[in-house]
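Quick note, the sequences are listed as chains L and E, same order.
Residue 1 is where the first sequence starts when you use the working numbering, and the numbers rise one by one after that.
Residue 1 is where the second sequence starts when you use the working numbering, and the numbers rise one by one after that.
Worth flagging that the hints you see were computed from the coordinates, not collected in a lab.
Ideal placement from N, C-alpha and C gives every residue a C-beta, glycine not left out.
Heads up, a few of these hints could be off.
A short, non-exhaustive set of chain E residues, derived as facing chain L with CB atoms under 8 Å [said to hold, decoys possible]: (1) Ala29; (2) Gly203; (3) Leu393; (4) Thr416; (5) Val458.
Pairwise CB distance ranges, derived in the manner of DEER restraints [to be verified]: (6) L:Pro14 - E:Glu223: 29 to 39 Å; (7) E:Lys372 - L:Ala22: 34 to 44 Å; (8) E:Arg39 - L:Pro110: 31 to 41 Å; (9) E:Ala250 - L:Arg285: 52 to 62 Å; (10) E:Met436 - L:Pro14: 52 to 62 Å.
Number of protein chains: 2
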Amino acid sequence: MPYFDAASSAPLHPVARQALQASLDEGWADPARLYREGRRARLLLDAAREAAAEAVGCRPDELAFTSSGTRAVHSGIYGSAAGRRRVGRHLVVSAVEHSSVLHAAAALEPDGGTLTEVPVDRAGAVSPTAYAAALRPDTALACLQSANHEVGTVQPVAEVAEVCRAAGVPLLVDAAQSLAWGPVEEGWSLLAASAHKWGGPAGVGLLAVRKGVRFAPQGPADERESGRAPGFENIPAIVAAAASLRAVRAEAAAEGERLRALVERIRVRVPELVPDVEVVGDPARRLPHLVTFSCLYVDGETLLHELDRAGFSVSSGSSCTSSTLTPSHVLRAMGVLSEGNVRVSLPVGTAASDVDRFLEVLPGVVSAVREKLGAPVVASGPAVAHELVVDALGKRCPIPVIELAKVIADVPVGGTVTVLADDEAARLDIPAWCEMRGQEYVGESRRERGSAYVVRRVG
Amino acid sequence: MPYFDAASSAPLHPVARQALQASLDEGWADPARLYREGRRARLLLDAAREAAAEAVGCRPDELAFTSSGTRAVHSGIYGSAAGRRRVGRHLVVSAVEHSSVLHAAAALEPDGGTLTEVPVDRAGAVSPTAYAAALRPDTALACLQSANHEVGTVQPVAEVAEVCRAAGVPLLVDAAQSLAWGPVEEGWSLLAASAHKWGGPAGVGLLAVRKGVRFAPQGPADERESGRAPGFENIPAIVAAAASLRAVRAEAAAEGERLRALVERIRVRVPELVPDVEVVGDPARRLPHLVTFSCLYVDGETLLHELDRAGFSVSSGSSCTSSTLTPSHVLRAMGVLSEGNVRVSLPVGTAASDVDRFLEVLPGVVSAVREKLGAPVVASGPAVAHELVVDALGKRCPIPVIELAKVIADVPVGGTVTVLADDEAARLDIPAWCEMRGQEYVGESRRERGSAYVVRRVG
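The following block holds chain L by itself, in its conformation from the complex (with noise of 0.2 Å):
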């Protein structure tokens, strides 16, 4: 039962799974305590934290460990902005950063925070230029991903660093997406990773600050961790994320090369094997585990509950599978399809076979959804009204596109469609038709219910 959503949670890497039965025994007494129990606690902790600062390529003083990935994120956002209070209270990140840096530059507001998102290209990318422009003399931070948990496009890091590094402003990289496959580019100021994406444990984050990275602890004093992740520490779970992030580093090389080839034999082939479908983020630029890609006239929930049944676990960011109904930011700030969409993250030690059964399967099921979603399969009949309009309020994606899909082959070239709908997927996914399709999308005005999408027949 093929597990593809590693990007979400790793299995536990059997390294993970011997180090923490290992150090249960050891490492359950309190590291502060001078007797013999705490001090062997310590010997754990200390070690721990050599071998996770050797993988992340920082001094073991400058390495604390949280209790999670999104911990170490809101201690490092936190910290830094209150540390460089008196320059400003300016942040800048990436529109596409995870929702824990949005959620923590967004909770600084109230108290009088201002935050740049900085845009991305098509392939989810953004540019160092961008950066640039967007630092300004009260910047506290800057934030930017390493690798896009989405999409899995690499961003510049370096670059974006020399620019941060230019303007005296310290840049946190987020590195949870791919600290596994490799170090950080150098110039970071602070990093957070998370150990359940690598294979380690859950209650495990990492968080580093670099020597003379001005840094103060927020919330409730602590001394544990240096004051920045209070709590007793969680040591054998430390043991374990240090352990097992050596020893994915051991293999990272190789199978990074294997997964990079998995993921290429999918984006080459998903494209030929089902019609009409975007693959999304940067081909080469990317993940080597990760690739996502976006179908028309499906609903994503139904694709990823028939994936399931076929015995596929993968995730989306279609605005269909989230609670909250609202698109995905990332693919929204791409300006890609969003509707049907299926993210792979293939975990370390996936067998080929898997994918090529993936690959077997995937065009029954989007098919099926499609049939069952009444979408269209050939263009229908001649063409008779130049205008046409399309009511599909209270509809939820897809049903919108694939109804001005059905109705656009009814006009004639240089005649439209109004797609009338209230889903705010729409204002995402029509316009992301229309560049897939060849057809000219004129634009949208709003309604008191909904808004009305006008599309021009091209082609």
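Following the hints, position chain E against chain L.
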């Protein structure tokens, strides 16, 4: 090698170990995902919540798992204070709360928070009347531990809860030290606890918030655990925490009775075996497994070191073991001797023979430390001067008290000894010595360096 510091952290319970190992295979995926691995993780999480809620005595939807007891306390205090911001920003805590409570309360002060510390009696207990007097119309929250972590005294939670209920103020109970032994008395609004105190793994705390209690989670938005505990859930550890709580509860009545008798043996025998000892904390209303005593003329750090060499791991609230060199705020609030302080807290399963061996070893260890420090063994020669001055400036505890004890017999009854000392602990320990010895503590006057403490010989 007996470990007598369960109040810091208990060794992992066998049930916790089994549950942890059993859930490593099924508990690593994201419980928010709808595929099979996510559904399995969700089932484990739901079952653990049911079990923990039953042990706490609340509804499952009132209980969130946090990453530590410290985080549970922080989240509880911040969320409750924010939820009742319109009422006011006044907090009431006992003077002997755990540092996580006191630090969270202090962290609200820059934002306009005010704090009343309710004093305790010489046994370490608060009085409901004192809580009633401390509550004000602008009181947002009151906090009280179920039992004290340093001296084991059980607090009158039900009575204080009734006082709070009458005033319309929610009560947060820090149940970290007592939850293994049974549910907290009725009437609390919020409850915090920590799994590694009952033999569960580190990395798991509990925060229960009764329905109807105003609560506004603080910090960056995060959808996990009802917004009360950000970060990816640590499900194997949560499962182990819940399973071990059930297991220790099943043994609590019998094991509590057994440990209570062992602690009683220590309470009775230590003063018989070791001269100049004060056993502190309530002798009856106390935790079953915990006892604390202070030894005159002894340096706590040396004492702990010598007990460790003799094979016993114990803790201390003595000024001399803390990294900050300030005496325990608990012992200070009780007004009891802090020097040479030893806390013995027996883990579940402690052998009676280990306690007996501790009682055999202790007298020799204490007298060796006293001898090394030159402490008085018998009162010395005839009195001559009516006033003596002892210069103990620059000398750390317990030297000032040892110097006082050496010369008190050198002044006649009615005469005084003035001790010059600049160690902060002297302010606590000289009055405590006077009370233990039946001498009169006249008072303190500040000097350019340190203080002068005047003691009148009474007997």
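Status of the hints after comparison with the structure:
Because the closest C-beta pair between Ala29 of chain E and chain L is about 5 Å apart, less than 8 Å, the hint holds. Checking Gly203 of chain E against chain L by beta carbon gives a least distance of about 4 Å; that is within 8 Å, so the hint holds. Taking 8 Å as the C-beta cut-off, the interface hint given for Leu393 of chain E is violated, the closest approach to chain L being about 28 Å. Hint on Thr416 of chain E is violated. Least Cβ distance to chain L is approximately 39 Å, over the 8 Å limit.
Restraint check, Val458 of chain E versus chain L: the minimum CB separation of about 39 Å is more than 8 Å; hint violated. Checked against the hint of 29 to 39 Å, the C-beta distance between Pro14 of chain L and Glu223 of chain E comes to roughly 31 Å, which is consistent with it. A beta carbon spacing of about 40 Å between Lys372 of chain E and Ala22 of chain L agrees with the range 34 to 44 Å that was offered as a hint. In this structure the hint that Arg39 of chain E and Pro110 of chain L lie 31 to 41 Å apart at CB holds, the actual value being about 37 Å.
A beta carbon spacing of about 57 Å between Ala250 of chain E and Arg285 of chain L agrees with the range 52 to 62 Å that was offered as a hint. The supplied range of 52 to 62 Å is met by Met436 of chain E and Pro14 of chain L, whose beta-carbon atoms lie about 59 Å from each other.
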